[in-house]
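S.K.: Be aware that the sequence shown starts at 0, since it is given in numbering that gives the first Met the number 0, and climbs by one per residue.
Hints were generated in silico from the structure; no laboratory data involved.
Some hints here could point you the wrong way.
Computed spacing ranges between beta-carbons, pair by pair [claimed, not checked]:
no.: 1; residue 1: Leu119; residue 2: Ala44; range: 17 to 27 Å
no.: 2; residue 1: Ala51; residue 2: Arg134; range: 38 to 48 Å
no.: 3; residue 1: Gly56; residue 2: Leu121; range: 19 to 29 Å
no.: 4; residue 1: Val12; residue 2: Gly135; range: 17 to 27 Å
no.: 5; residue 1: Leu22; residue 2: Val86; range: 35 to 45 Å
For each residue, glycine too, the CB sits at the ideal point set by N, CA and C.
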Amino acid sequence: MVRPSPAHAEALVGVDLRVAYGLAAGGGAGRGAVRATPLLITATAALALSDAPRTYGYGGLTVETLDRTGVGGEGGLAMAMGPRTRVRAGARVIAKPYTLYGATVGATWCWPMGAARPCLDLAGDVYIAGTDLPRGNAVAQVALGLGVAIDAP
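All chains, full assembly: derive it from the sequences and hints.
M.R.: Right, dumping it as structure tokens:
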């Protein structure tokens, strides 16, 4: 089991809640379009897998809303880059009422305020398959978010 050192205790378990909005670009057949992303609401839980470097496995629920509504999940690996910053890479699936399959990467920076900290988040996603994409198209999106990270030692 991974145990924090007394001098620099890092969380073994954490929960992140994020709300993000940004721009999406996609196209095919020589045409492209840029538009606003849906509002993304994400709730994930993370569990420490390795101590050096501090690596987490994470997974959770993703909801798209505003111009349309979809529900799915996200999961992957995250790594602490210091006491305030984490980077992540994983997969995202929107499963209902349409499907989207893709990859996501992101970085989160949190203010140092104890176990529950407000955070800024920057994420990039690429959807490459699903019923919500026209054949032969992909959609890439970049979103800036606000959230809270809650850590348990």
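S.K.: Next, verify each hint and record whether it holds.
M.R.: Structure-based check of each hint:
no.: 1; hint: Leu119 <-> Ala44: 17 to 27 Å; verdict: holds (20 Å)
no.: 2; hint: Ala51 <-> Arg134: 38 to 48 Å; verdict: holds (45 Å)
no.: 3; hint: Gly56 <-> Leu121: 19 to 29 Å; verdict: holds (21 Å)
no.: 4; hint: Val12 <-> Gly135: 17 to 27 Å; verdict: violated (42 Å)
no.: 5; hint: Leu22 <-> Val86: 35 to 45 Å; verdict: violated (21 Å)
Of the numbered hints stated above, those contradicted by the structure are hints 4 and 5, listed in ascending order.
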